[in-house]
Structures are given as C-alpha cells and as structure tokens.
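Let chain A serve as the given structure and place chains B and C on it in line with the hints.
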Amino acid sequence: MDFKLKIWRQKNRDDRGRFVDYEVKNVSPDASFLEMLDILNVDLVKRGEEPVAFDHDCREGICGSCGLVVNGRSHGPGRGIATCELRMRGFKGGETIVAEPWRAKSFPILKDLIVDRTALDRIIAAGGYISSKTGAVPEANSIQVPKPAAEEAMDAASCIGCGACVAACPNSSAMLFVAAKVSHLALLPQGKVERKERVLKMIEQMDKEGFGNCSNNYACEAECPKKISVTHIARLNREFILAEIS
Amino acid sequence: MNKFTALYRSSVGKKIIMSLSGLFLCTFLVVHVVINLFLFKQDGGETYNRYSEFMSSNPFIRTIEIVLFAGLIAHVISGTLVWLKNRASRPVAYEMYQLKDNTTFTSRTPMLTASASLVGFFLVIHLRTFWVPNRFWETAPQSNYDLVAAAFSDPVYSLFYIVALVFLAFHLRHGFQSGFQTLGLSDKQYKWLIDSVAVIFWLFIPLMFAAMPAYFLWFK
Amino acid sequence: MKLDSKIPAGPIEKKWDSHRFNMKLVNPANKRKYSIIVIGTGLAGASAAASLGELGYNVLTFSYHESPRRAHSIAAQGGINAPKNYANDGDSIWRLFYDTVKGGDYRAREANVYRLAQVSGSIIDQCVAQGVPFARDYAGYLDNRSFGGAQVSRTFYARGQTGQQLLLGAYSALSRQINAGTVKFFPRREMLEVVLVDGQARGVVCRDLVTGKIETYAANAVVLATGGYANTFYLSTMAKASNATAIWRAYKKGAAFANPCFTQIHPTCIPQGGDYQSKLTLMSESLRNDGRIWVPKKKGDTRRADQIPEEERDYYLERLYPSFGNLVPRDVASRRAKEMCDKGYGVGPTSLAVYLDFAESIKRLGRHVIEERYGNLFDMYHEITAEDPYKGPMRIYPAVHYTMGGLWVDYNLMSTIPGLFVLGEANFSDHGANRLGASALMQGLADGYFVIPYTMGDYLASTKFKPVKVDDAPFIEAQGGIEGLIKKLMSINGKKTVEEFHRELGKIMWDNVGMGRNRAGLEKALKEIPRLRAEFWQNVKLVGVSNDMNAELERAGRVADFLELGELLAFDALHREESCGGHFREEHHTEEGEAQRNDKKFSYVAAWEFTGVGKKPILNKEPLKFEYVKPSQRSYK
Chain A
1 MDFKLKIWRQ KNRDDRGRFV DYEVKNVSPD ASFLEMLDIL NVDLVKRGEE
51 PVAFDHDCRE GICGSCGLVV NGRSHGPGRG IATCELRMRG FKGGETIVAE
101 PWRAKSFPIL KDLIVDRTAL DRIIAAGGYI SSKTGAVPEA NSIQVPKPAA
151 EEAMDAASCI GCGACVAACP NSSAMLFVAA KVSHLALLPQ GKVERKERVL
201 KMIEQMDKEG FGNCSNNYAC EAECPKKISV THIARLNREF ILAEIS
Chain B
1001 MNKFTALYRS SVGKKIIMSL SGLFLCTFLV VHVVINLFLF KQDGGETYNR
1051 YSEFMSSNPF IRTIEIVLFA GLIAHVISGT LVWLKNRASR PVAYEMYQLK
1101 DNTTFTSRTP MLTASASLVG FFLVIHLRTF WVPNRFWETA PQSNYDLVAA
1151 AFSDPVYSLF YIVALVFLAF HLRHGFQSGF QTLGLSDKQY KWLIDSVAVI
1201 FWLFIPLMFA AMPAYFLWFK
Chain C
2001 MKLDSKIPAG PIEKKWDSHR FNMKLVNPAN KRKYSIIVIG TGLAGASAAA
2051 SLGELGYNVL TFSYHESPRR AHSIAAQGGI NAPKNYANDG DSIWRLFYDT
2101 VKGGDYRARE ANVYRLAQVS GSIIDQCVAQ GVPFARDYAG YLDNRSFGGA
2151 QVSRTFYARG QTGQQLLLGA YSALSRQINA GTVKFFPRRE MLEVVLVDGQ
2201 ARGVVCRDLV TGKIETYAAN AVVLATGGYA NTFYLSTMAK ASNATAIWRA
2251 YKKGAAFANP CFTQIHPTCI PQGGDYQSKL TLMSESLRND GRIWVPKKKG
2301 DTRRADQIPE EERDYYLERL YPSFGNLVPR DVASRRAKEM CDKGYGVGPT
2351 SLAVYLDFAE SIKRLGRHVI EERYGNLFDM YHEITAEDPY KGPMRIYPAV
2401 HYTMGGLWVD YNLMSTIPGL FVLGEANFSD HGANRLGASA LMQGLADGYF
2451 VIPYTMGDYL ASTKFKPVKV DDAPFIEAQG GIEGLIKKLM SINGKKTVEE
2501 FHRELGKIMW DNVGMGRNRA GLEKALKEIP RLRAEFWQNV KLVGVSNDMN
2551 AELERAGRVA DFLELGELLA FDALHREESC GGHFREEHHT EEGEAQRNDK
2601 KFSYVAAWEF TGVGKKPILN KEPLKFEYVK PSQRSYK
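Protein chains in written order, with the working numbering: chain A, 1 to 246; chain B, 1001 to 1220; chain C, 2001 to 2637.
Isolated chain A, as found in the complex:
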C-alpha cells in the first residue's frame, strides 16, 4: 500500500514546528502504524534527513510510550488500541494520513511527535499510592477484597498512563487518568486509609500542572486504549466531595 503522510516536525521545545509531507510506498497492510513510520525513517536516514522522532517501546500496547494523534484521533481510528497496535490495513491505499503529537499545555513537545508527559508522574507522586513500607505489611490473605471490587479496581488499574485521555479531551483534562488511580485505590480496603488526602493532593497537583477541567463529554473514554470507563471519574468526584465535607 502507498500513503501520503502529513507529519508534524518540530526541532525542539522552542521551535514553532510545522507539517511536512512525505510519501511511503509498498507498505504491507499487516504492518503497524509505527512500522510504517520505521520504513519512512529508514528512507529518511538513507537520504541524509533526520528521521521522525516518536516515542515507542513495547509495541504491544502496554508500556504507554507511544501516542500519536492520527487523522484527528488519539491512537488513530479504532477502539481500545494504542498507536503501536494500529494496523495499516485499516487505511485506504493512497490516503493522506495526518500524524500529530498529543497537544496540551501540560505536555510540551520535545521533538517532532514526542511530548513530555512527566506531569502525569508528578500527579502520581503527589499521592497516587498506598504508603506501605517495604516489609511492614500483613500476610496477603489477611486482607479480603470482595471480588467485584477487585475486578473494578483492576479495570481502573489497567491504565497505561499514555495520556490519550488528555489528548482526546477538548479541554486537555487529565481527569480520567487521575480518576483511574484514585478509583483503583479507593475500591480496595488497603487504599481507604489515605483516601481523603490522596484525592485532594492529586487534584491539587493536576490543577497545578495546567490540565483543563472535565466537562463530561467522555471523549477520554472513547479513546482510552484500555477502555477505562468514566464511571471512575464519578467516583473521583465522590471521593473529592467526601474529602471536602468531612
């Protein structure tokens, strides 16, 4: 398959950036989107041009490194996949494909399609954990967790921290990301002890990082590669209210 590409190129954080058109030829329909970029990059290097920089690592949809807005959709068209799982057979041969980085004030662009998502780590560092000390813990089975709670916690915990929710949200809100962590820990008995401080600190940090507000339009849920539900945002809100009024 042949494609025309329109890719965002930006030298570094301070560069203004622009779109550059490319062509790739003879791409197998079974190739992934990132493999198609690999092919382009080998071509570019051979021509002595700088390859397109993009984040990627595991290429099986779990590390959360990759993340491109492809044809206006976070992680490209398709549901429940990361960019590395996007296959070229879903596109029409000859089609022009637009690839952009995540765009949000809180995710400054480092180069081309690579953004800095350390804001998400700072939100976790602010309180997205249970403060258990190594070794100072009870026998594992002394804590019972009802199966439905464990399952729902697992749904939330499957977040890969890719930032697609922020990228997809018209407000660049990180609420689904924060909610996934708050919800995961609030559902478990181990996490209930610190639930109030946790939600307040995490939201405070989220605001400080410059993410937008949630306006409940659920674009995040639609683009989440792990299909994390917005009901976790409702739980986050509930946790916040509980922490505020008590």
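Note that these hints are calculated values from the structure, not bench results.
Note that beta-carbon positions come from the ideal geometry of N, C-alpha and C, so glycine has one too.
Hints are not guaranteed to be accurate.
What the hints assert, rightly or not - Calculated cross-link-like contacts (lysine to any residue; reagent style SDA-like; alpha-carbon spacing at most 25 Å):
# : chain 1 : residue 1 : chain 2 : residue 2
1 : C       : Lys2495   : C       : Asp2275
2 : B       : Lys1188   : A       : Gly191
3 : B       : Lys1188   : A       : Lys46
Said to hold, decoys possible - What follows is a set of in silico ranges between Cβ atoms, one per label pair, in the way DEER data are often shown:
#  : chain 1 : residue 1 : chain 2 : residue 2 : range
4  : A       : Lys6      : C       : Lys2252   : 43 to 49 Å
5  : A       : Lys133    : C       : Asp2017   : 33 to 39 Å
6  : B       : Leu1037   : A       : Gly90     : 51 to 57 Å
7  : A       : Gly90     : B       : Trp1192   : 31 to 37 Å
8  : A       : Lys196    : B       : Gln1042   : 29 to 35 Å
9  : B       : Thr1005   : C       : Glu2372   : 47 to 53 Å
10 : C       : His2382   : B       : Phe1028   : 28 to 34 Å
11 : B       : Gln1189   : C       : Ser2351   : 51 to 57 Å
12 : B       : Arg1087   : A       : Lys133    : 52 to 58 Å
13 : B       : Asp1195   : C       : His2382   : 30 to 36 Å
14 : A       : Lys196    : B       : Asn1058   : 40 to 46 Å
Said to hold, decoys possible - Which residues of chain A face chain C? A partial, calculated answer using Cβ under 8 Å:
#  : residue
15 : Gly17
16 : Gly48
17 : Arg59
18 : Gly72
19 : Glu85
20 : Arg117
21 : Asp121
22 : Pro138
23 : Ala140
24 : Ala157
25 : Gly210
26 : Leu242
27 : Ala243
28 : Ser246
Coordinates of chains B and C only, in the frame set by chain A:
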C-alpha cells in the same frame, strides 16, 4: 470559608458548584413550568394571574428568588472560569481533530458557547418581558396573563422564544446528567434513573414551554 | 579473576537468616550520607530504589524512559510465583526451590534459588499492601492458577497484566519516595559508562536523551537493573529500546559476564509477517492447554489449513510426547517447532510457523468457553494478523524472550566490581539454563525489595570510601571516553543504517546461535559477527546532531554493544559442549532427541572476563554443587 475558597480554587470544586447551582436551577424550571401550565386553563387567565401575583408578593418566594439569582450567577461564574481554563489548556490546536467521532453535539457545545449565551439571552429577554414590568413599572397596565398573551401573539417573539428553548434543551441535554456525574452520583446502578429523569428535563419541560407560544399563536 | 560466591555456611534453609544477622548495619543517622545510583526502573530497579530510599539512603535513579512506569517488566502477562500453598495442594518453599533448580536444568546456584523461594511469599504480601489488584475468589481471598507446567497452583495473577500491575506497584512505592525527596529520578537518561575509582564502582556517565548532554554522577555504589539482552537477536519479544549497554559496558570495565548463551525461546509467539516487522508478540503459553499443534504431513504443502484433511496432519508433539503432548516445556516445544519448519513442513507465507488449532476444543467446549479463557489473546491475534482464530488455526513460531545469563553476581548480588550490584534479569543468578514461567517477576522483586536493602547496607558499612567528586580525574576521563565514542559514531557517515546492521546481526544470531546450535553454525557466527562489527564501524550512517534528541545515535550505541555481546554469546555457546535448558547443542542429545547435559564437565557457571574487543575472553568457572537437589535427566515422554 477557608474550605469554600479551597473548593472554589480546585477544578473539581468549581465543577461541583456548577452542578449544584445548575441542578438547583432545574428545580426552578419545574415550578415555573407548573405555574405556566395554568395559562392553558380556560378561565381568562384568572388562576394564572393569581399564582403569578402570589409568586411576586410572597416574602418567602421573594427570598428564594434572591437565592435563585445567586445560583444563576454562581453557575455563570464557575462556568466561565472553567471555560477559560479549558481554552488555555491547549494553546496549539490540532490540525485534524475528530472530536465528533467520540462525543455528542451537546457535550461539545456546552456552557458558554452557542447554547449558554443563547440561554442567557433567552433569560434576559424573558425577564425583560415579564419580570421587569411587574417589578419596576409603576402601573402595570395589564395582568400577567395579558402580558403573556400579547407577547406570544407576536410570531417573531414566539419564534425567538422557541429557538431559545431548543438551545435550553441542548444545554440541559448535556447539563443535567453532567451534574450528576460531577457530583459522583452517576454510578452504573443509578444511570438508568438519571437518564430517565433527564428526559423530563431536556425534552418534556422545554416542550411544555414551547407549547405556550404555540397555543397563543395558533389556538387563541 | 577470583570468583567468590560468598554463599553463607550452614544448612540451606538457614543461610539467608544467618547471613542477615551477620551482615553489618548502617547507622540510621548515617544512611543519608550514602548515595546510591540505581539504573533502570523495572521491577528490580524500581523496587530497589524505593526500598533503599525508604531506608534513608540518598538514591539517584535513571531511566531512558520518560517515566519509571514504562520499563518492559510491564509487558509480562502470566503471573508471579509464591509458595503460599493457598491451594492446599502441597506447595512449599522446598518445592518451589526444587522446581526452579530442576527447571533450570541444574545450572543455577542452589543457595540463591532457595533464598528466592524463601522471600517470594513476602513479595505477595508487599504487593497486596500496595494495592496490586490480584485476582480474587468469591470469598475475597487471593486466587491462584497453575502455570508453566508446575504441578501446583502457586501463580498469583492480575488478569493477563500481572507484570503491569506489579510494576505499577513498585512505581507507586518509588513515586512515594520521589515525593519524600529520598529518591531523585532522572528521566530520559541513558547510562553509558560505569566510573571506577580505585577499583570501586563510584559513579556513572549518562547521556541526557533530550539535550544530548553527557553528564556524570557520583555515589557510593551503583546498582544495575537494566534487564536482559534478548534484543541481540533483533526480533524478540523485548521492547524496542531494551538493550545491554549498561551491563556490557560494566563487563568491559571488569565485571564478569556469566552464561551468556542461556537464552530462552518462547514457543507461542505470533510469527514474523514480513521484513518490515519490528518485533514479535508473545501470546501466553496457557494457549497450549486447549490448542493442538500440528503441521501438514506433506512437505511444502501450500493448501489452506481447512483443506488439509485430518489424516494428512501431523500432531507432532502428541506423537513424540504421548504423556505431555502439547504441554511439554517451553524449550522442547520451541525446538520441535523449529525442527519441523527446518525440515520443510512449516506453514504460512514464510513457511516459518506451525499451526495451533482450537477447532477441537471449540467443538468440545463450545466457543464461549474458549472465548472466556483466551478471548483477549484471540482478539490480539486477530488484530495483528487479520485472521480469525475462531475460524481457522493460529500460526505460531518461537521467539527469544528472556535471557537467563547476565553479569555474574555473588550471593549479595554484587558483581566482580566492588560496589557494582546487578539485579533482576540483568544478573545471571537464579534461573540456571532455563527459567520457569512466572518466575521472572518473582526474581526482580525479590532482588529489589528483599535482598539488596540488606546486602547494600553490609557493603556500605564494611567499605572504606574516599570522597569523590564528579570533577575528579576518573569521571572526567570516563566522560571524555564516551564523548569520543559518540563523536566517532557521528563521524563515520557511511551508507548503512543502524537498523540494517541490527537486522543483519539478528539474522546471524537467530540462524546460528538460536534454538538449535552446532559447532559449524557457531563457528560461522564467530566469523560473521566480527566482520559485521568491522563494517559497522566503517559504514554506519547516522544523521542529525549529537547535542539533541537523536534516536539513531541512541540505537547506534546499543547495536555497537550487541555486535560485541553477540560474539560472546556465540563463544559461550560454542564452549559449552552440552545441551541444557535453553541451550541446545545439536551434537548433544539423547536418543530421543532431548537435551543431554554433561554434568561432569559443565556443572559450572561460565563467568567470562573481558580482555579486549575481538580478543578471546578469559573463562572463569564457578563450580556448582548440588547438595539438596540431585541432578537427573528431564523426561516428558
């Protein structure tokens, strides 16, 4: 007070204020539509006039009115602040952004854009036609019923009123369930309930309001 | 080089306890005066950095990722072992110890394995306390499943994302320490050199991958937790950036590299689709519980699977291993698949695949049961190949996915360089010649949470440190060396891309040092690798500049190291004239074609010592004594 300012400073806090005030405004809509339904009573507006007289003179209602305005202002201010921060959170726009693949029209155009400003406009005109003459005109020349009848007999006015109602409906379509989500009350087991009640608010209530100009235009 | 494994005296079940008592302690008030560098933030690195930070040490941790959570531990699917005996099926520390030593084909150090089994229970306690959402039964207690051919249910799991959940647990502990200020995290930094002062590891040289700046950091000790070297083979189930640079450069500074030829090949991966392919995707080996593996009886049969009648199919595993059938261990299943393909029975467009057929299970159990058990894997297969595995058989092929070898460490996890500790997959310690399923996560966390916090204290308390600064000569020198290396790479300006070199190396490795190894192939590899390496240093083409983000430059450094490591791997494989675990020498097999160990000659750890690029390394032997588990021949007939 400290807690309140903390609440207002945080993004979620602002949203909570927005939903509480929004849902409070929704209860007002119910009262309002009920009284308006007396317009349809075939008594030359007697019952309607009596109730609107009661509404404008009862001290309790007058107090609630202030709260209502406070709610409206809180809703508008928090909504504006939220909107401003949201706009600032993405300084460079996407070249291609298929938001419509993932979201509903009403959720994309909430508050301050099309619908909100029109709702505001609707309220302004609305209050100008009814509330201002009642409150501030020294001699209200007609009864409230006559004011309504006169206003709705004007097709342009009625059309504007209905268009504004469509926007109100859009606003409520998103806003009502959104309020519950923000208050953390939209868990799976209540979702059906909220969705059903939402239909009353975004569909039936605006329809009932819209029935009034239609009634005066075509049947009166 | 003298190898002192420092295994404590006494009966095996008492060794760790008595050692913990005998180790020296650092006064709590003094802990913050010691700084420790931790490279890598996977299970081993993140848990080590968090635990050391919590103890009060001043920890500096580095990752080439932007976030600690992106390390490749995250991709582990199956689970983590611990002999809690919750299933009441007779599990015990002894049994896990026994299974691991036997599974490793008697090439692991008994004392280390016993300690691993001993602390593994605490790992589960720790993870539960952190909020890892393990699978639960209806009473709310932890659920277990059997895994990787074990006869007991001792595997704890969080759906098919156990590695992710455990890493996020360790990441949360690490984040807590970062917030507390005891750990400082340096994102997007790649370690390129270990700095030695008076023979002790006292610092590292890193490249800031965003600015390209070469930086140096000093500390009292350095911990490497940088994973394995499976990407030497180019196509593997490793993450793309996963590399051996940290351990390789430590090796070149004097750390012994143990058993490099012990690599594990996983039988159920999605086969390569074409030359464009960048990596292989693993599918849980649980698929073999209900899938039947077969190839056509006719060579080069190009018919579609559904057009090949039952009597023309060869269910070769069932034929060769009537009692274990499709459930033979990983190494056996992998080797047999390769054998069938080599003989010309392979299927699919590349003829490098065998069928894994669920038709019978679907008929017997119903589609919904199969969907419930493997739904996500079937979807993944469908997504990647565009073939519906509910309708026709899957095509599978083995792929490299773990390396048991690594830097040699003593019982304290210290390498032959004083002050340089090596944890997790990066060391060689616990899995011998073959790793059992669900044991990698266990080892990473055991090393990080429950071993290094003690042994590090002992090292710091019993060592004299002279004060060092990053502007001391050894640091300046090391930094200069790295800057020179980068300059050299940038200036070659040849014609071939890094990618092409890496693929070429991968092909040499896979063809000659892969699943079936023989003298001729290994000797061929030992000729071809140096040739390719020489070509690399004359003909590699890099673009861009070094003082900027430059993915090509990053890869060039890594591939340059693989080009040296590959040679050592082949060299080790050639020297080990026996077959054991993942190392199969075609010259050494039993009459039934199974791996034939040579305990008399090769019951030792081969710890190689660097003498120069392209020069023969020195072989140091650590003899292995088996006092508790008597070596025997594995049989799966």
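Status of each hint after checking the structure:
1. The hinted pair formed by lysine 2495 of chain C and aspartate 2275 of chain C meets the criterion: a straight-line CA distance of about 20 Å does not exceed 25 Å.
2. Our distance criterion of 25 Å between C-alpha atoms is met by lysine 1188 of chain B and glycine 191 of chain A, whose separation comes to about 22 Å.
3. Straight-line distance between C-alpha atoms of lysine 1188 of chain B and lysine 46 of chain A comes to about 55 Å, which puts the hinted pair past the 25 Å bound.
4. Between lysine 6 of chain A and lysine 2252 of chain C the CB atoms are about 44 Å apart, so this pair conforms to the stated range of 43 to 49 Å.
5. Evaluation of the 33 to 39 Å hint for lysine 133 of chain A and aspartate 2017 of chain C yields a failure: the beta carbon distance comes to about 21 Å.
6. One distance hint, 51 to 57 Å for the beta-carbon pair leucine 1037 of chain B and glycine 90 of chain A, holds here, with the actual separation near 53 Å.
7. Take glycine 90 of chain A and tryptophan 1192 of chain B: their Cβ atoms lie about 34 Å apart, and the range 31 to 37 Å holds.
8. At about 59 Å, the beta-carbon gap between lysine 196 of chain A and glutamine 1042 of chain B misses the expected band of 29 to 35 Å.
9. Against the hinted window of 47 to 53 Å, the Cβ-Cβ separation of threonine 1005 of chain B and glutamate 2372 of chain C comes to about 52 Å, which satisfies the hint.
10. Hint check: histidine 2382 of chain C to phenylalanine 1028 of chain B, Cβ distance near 53 Å, so the stated range 28 to 34 Å is violated.
11. Checked against the given bound of 51 to 57 Å, the beta carbons of glutamine 1189 of chain B and serine 2351 of chain C, roughly 54 Å apart, stay inside it.
12. Taken as a hint, the range 52 to 58 Å is violated for the pair arginine 1087 of chain B and lysine 133 of chain A, whose Cβ atoms sit roughly 44 Å apart.
13. Distance hint check: the CB atoms of aspartate 1195 of chain B and histidine 2382 of chain C are about 33 Å apart, consistent with the given range 30 to 36 Å.
14. Between lysine 196 of chain A and asparagine 1058 of chain B the beta carbon distance is about 42 Å. The supplied range of 40 to 46 Å therefore holds.
15. At about 14 Å, the closest approach between the beta carbon of glycine 17 of chain A and any beta carbon in chain C exceeds 8 Å, and the interface hint on this residue is violated.
16. This hint holds: glycine 48 of chain A has a C-beta 6 Å from the nearest C-beta of chain C, less than the 8 Å allowed.
17. At about 5 Å, the closest approach between the beta carbon of arginine 59 of chain A and any beta carbon in chain C falls short of 8 Å, and the interface hint on this residue holds.
18. Because the closest C-beta pair between glycine 72 of chain A and chain C is about 21 Å apart, greater than 8 Å, the hint is violated.
19. At its closest, the beta carbon of glutamate 85 of chain A sits 6 Å from a beta carbon of chain C; the interface hint therefore holds under the 8 Å criterion.
20. A distance limit of 8 Å between C-beta atoms decides the matter here; for arginine 117 of chain A the minimum to chain C is near 6 Å, and the interface restraint holds.
21. Using the Cβ-Cβ criterion of 8 Å, the hint placing aspartate 121 of chain A at the interface with chain C is satisfied: the shortest such distance is roughly 5 Å.
22. With 8 Å as the threshold, the beta carbon of proline 138 of chain A comes within range of chain C, its nearest partner Cβ sitting at about 7 Å, so the hint holds.
23. Interface hint status for alanine 140 of chain A: upheld, as the beta-carbon distance to the closest one in chain C is roughly 4 Å, under 8 Å.
24. A cut of 8 Å between beta carbons decides the hint on alanine 157 of chain A: the least distance to chain C is about 5 Å, and the hint holds.
25. The interface hint given for glycine 210 of chain A is violated, since its Cβ lies 17 Å from the closest Cβ of chain C, which is over the 8 Å cut-off.
26. Evaluation of the leucine 242 of chain A hint against chain C yields a violated restraint, the C-beta minimum of about 19 Å exceeding 8 Å.
27. Nearest Cβ of chain C to the Cβ of alanine 243 of chain A: about 18 Å, over the 8 Å cut. The hint is violated.
28. Checking serine 246 of chain A against chain C: minimum C-beta separation of about 22 Å lies over 8 Å; hint violated.
The structure fails to meet hints 3, 5, 8, 10, 12, 15, 18, 25, 26, 27 and 28 from the earlier list, while all remaining hints are met.
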